[in-house]
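Q: What follows is each chain in one-letter form.
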Amino acid sequence: MLGFSNISLSNFLFWATQKKWFIYAIFIGFILTLLPTPNGLSVEGKTSIVILFVSLILIIKEPIPLPAIAIFMLISQIYGGVDNVDGIAKSFMSDAVFFIMGSLMLAVVIIRQGWDSRIALGILKITGNKTSGIALGFLSISAILASFIGEHTVAAIMLPIGMTLIRFTSSDISKVKNLSAVILFSIAYGCLIGSIGTPSGGGRNVIMINYLNQSDISISYFEWMIRTYPFIFLQIPIVNWVIIKTFKPEYRILDSSIRKLVIKVARSRSITGRNTLTVFIFFLIFLGWVFFSEKFGLGTIALTGVFLYLLGGFVKWSDLNRNTHWGVIILFGATISLGTSIRSTGAAMWLADQILYFFGGLIESVPFFSDVVVIVMTTGMSNVLSSSATVAVLGPITLNLVPNMLDIGLLTAMASSFSYFTAVAAPACTIVYSSGMVKAKDFIRIGFRVGMVSIVLLIMYVNIFWPLIK
Amino acid sequence: MKILIAIGSKEFSKPTLNLGMKVAQAFNAKTTIIDVGEKISEFSSQLVELAQDQMESWDFDPPGVDVLEWAFNYLSENNLIDVTQLETGFPKNRLIEDGEDRKMVYLSGTVCEDVNLILRNGDIISELRDEVQYGKYDVTILGKSRKRNMSHDLLQYINSSVLIVNNYDNQKFDKILLPLNDADGMMKVAKYAIRVAMALDVGIDIFTVINKKSLNQERSYIIKKVIKLIRRSGVQFTNEEKEGEVVDQIIKKADKNKIIVMKASNMSPIKRYFKGSVPLSVMNESDVPILIVK
Chain A
1 MLGFSNISLS
11 NFLFWATQKK
21 WFIYAIFIGF
31 ILTLLPTPNG
41 LSVEGKTSIV
51 ILFVSLILII
61 KEPIPLPAIA
71 IFMLISQIYG
81 GVDNVDGIAK
91 SFMSDAVFFI
101 MGSLMLAVVI
111 IRQGWDSRIA
121 LGILKITGNK
131 TSGIALGFLS
141 ISAILASFIG
151 EHTVAAIMLP
161 IGMTLIRFTS
171 SDISKVKNLS
181 AVILFSIAYG
191 CLIGSIGTPS
201 GGGRNVIMIN
211 YLNQSDISIS
221 YFEWMIRTYP
231 FIFLQIPIVN
241 WVIIKTFKPE
251 YRILDSSIRK
261 LVIKVARSRS
271 ITGRNTLTVF
281 IFFLIFLGWV
291 FFSEKFGLGT
301 IALTGVFLYL
311 LGGFVKWSDL
321 NRNTHWGVII
331 LFGATISLGT
341 SIRSTGAAMW
351 LADQILYFFG
361 GLIESVPFFS
371 DVVVIVMTTG
381 MSNVLSSSAT
391 VAVLGPITLN
401 LVPNMLDIGL
411 LTAMASSFSY
421 FTAVAAPACT
431 IVYSSGMVKA
441 KDFIRIGFRV
451 GMVSIVLLIM
461 YVNIFWPLIK
Chain B
1001 MKILIAIGSK
1011 EFSKPTLNLG
1021 MKVAQAFNAK
1031 TTIIDVGEKI
1041 SEFSSQLVEL
1051 AQDQMESWDF
1061 DPPGVDVLEW
1071 AFNYLSENNL
1081 IDVTQLETGF
1091 PKNRLIEDGE
1101 DRKMVYLSGT
1111 VCEDVNLILR
1121 NGDIISELRD
1131 EVQYGKYDVT
1141 ILGKSRKRNM
1151 SHDLLQYINS
1161 SVLIVNNYDN
1171 QKFDKILLPL
1181 NDADGMMKVA
1191 KYAIRVAMAL
1201 DVGIDIFTVI
1211 NKKSLNQERS
1221 YIIKKVIKLI
1231 RRSGVQFTNE
1241 EKEGEVVDQI
1251 IKKADKNKII
1261 VMKASNMSPI
1271 KRYFKGSVPL
1281 SVMNESDVPI
1291 LIVK
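Note that the protein sequences, when read in sequence, are chains A and B.
Mapping to this note's numbering: the first sequence position 81 is 81, numbers consecutive.
To convert a position in the second sequence, counted from 1, into this note's numbering, add 1000.
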């Protein structure tokens, strides 16, 4: 056909099949561009919404590599006249991007330090030998650690501990399916629950702080904790109960497996002075976040920690370079840049108005209705998109929904942690899923229950607890 | 001759490995057994790798190694590989990184040339296509997927002959069904059928469907040549002609104890993509193993 060989035609068809979502997205984007600009929306605003829509399809379906999606988001903003080159470049690099970069690098350092065996001992000392107590221990420790050092780091540290305990209970995984689910979901969901506790718990928190700062609203590390941390303690026992009730574990007591785990941990390498020093440096980073993040930014402090680890030879640059996903960092930079454009072009305000119009005054007249809308929207999106990308995209819109930007901003960040339904949305869930011990359908089964409970709890929490502390 | 056998799990891949190794034996082929692990979202891929490094320090194998270990044990128990130099079973320490997202272990074959075990991760069609291009395989063997598009994609994009193992029962299998037409390349198909029939000691049912649309109802020169070739090989065969729709007749003829060996469509990739083809329809509708020769 037209001089093309069968092999080249077959290669082209294969490319088109693999990239079909890219082709669909561009086609939809083209059609949307041709539609007339709605009243009240600027041409730049409309273009930024079209780019957002196309980018969302690309991020969810991943037909092209993430860095390519990021480049598409940046160049299409410039070619589409949303902003000039300097404006896009400026919004591309922010403290939130510094934080995501620093947090991914800190994860590499922390995971390599052998803290896992000490954590394992700590959990077993606290929890005793009952399965429900052990699950509660995994859930609580994961949540508390994740609130400071990030969900992905904690999931990577905790997973082998949980898997070892399961293996010591039975080498035949089919005989301990429910126990596996209880332990592994306690780890994954613990990480998600904890990630909202402090600004350093997840990139999405820093992204939200970034957007709040753009609206001249600031919140300190402590203030954030006061507003969000009690919710972690509220969720832990309830989620633990839901997990145990959903997957009734095959064994109620794990006596011999715990003894085997203690012996294994005792035989593992002991903590060295250098390991202790890494903990001390991390403690300094934590103090920096608490006391200086408003002045210097969380990202700058995280990168200072990375600098100290490199300076002290605690980690090699080659190791950081190999294990840091630069594509993800570039993508978050581009998503935040697009979010900033959506805000500055007035598109965020227009989209917020459309949501208000759609619900016909219910948001203003029915109590809690705006909370329900924001939580459902954020939860839905964070289960198909990454939670950080959800906040980067939805943040500018939800901040325009109600007058109290701080409350709605915190609510959006908190709801973005509800990515319980799928194995792919949150890194903690993907890490646990990669063990092969839990199935995708398990996520739907337990995720629906935990998700619904969490949504109800969050609505009650923000409407009962927040007014009290104000 | 090079053969690629794709396996996916201990539960479902035994018939695939069983028939695949028999075909490999028939051709004395260099054989590679591949497990393609699930695609991980790019968002978390690096973090998952970091977590897997951590798991290895607690003596956990990366996902997929257990499937390769199962395949190794199967080959070993059936004396299909030489394990005299391997004292401790599956040599995990010899599973070496060989390119991005590709791990490999070399083993010494007994009934066929060397056997390699490979672990890859990603989209199955994409990974198999890459592997076939990289290793220049002649036949790709895999189990039938529940996804309907899978058969289409395999025929469309994998540049080798494809054997789909469907409801294969080693004990009951007794015949090869060879649907013939007068298209080019039929001699190659016949040679494949003869090799498999001779190795497995079964006969061949030659089957020609005369389509009403086709004006030429006489067997062509090519078909005569094929029959002559089979007769000379000494393989027992029957020859039957039927009138009707090609796909319907082949499906009717292919009962549970047969393996269908047929030729891939000669249509252009574009036509095949939109219109489908006879081999694709037979593959989708039949519930027996089918080898499509390209």
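Worth flagging that the hints you see were computed from the coordinates, not collected in a lab.
Just so it is clear, CB atoms sit at the ideal spot from N, CA and C, and this is done for glycine as well.
Please note: incorrect hints may appear among the correct ones.
[Claimed, not checked] So the derived list for chain B, only partly shown, Cβ under 8 angstroms to chain A, looks like this:
id, residue
1, I1040
2, W1058
3, P1063
4, G1276
Q: Does each hint fit the structure? Answer for all of them.
A: Evaluation of the provided hints:
no.	hint	in the structure
1	I1040	7 angstroms, holds
2	W1058	4 angstroms, holds
3	P1063	5 angstroms, holds
4	G1276	14 angstroms, violated
The structure does not agree with numbered hint 4 stated previously, though it agrees with all others.
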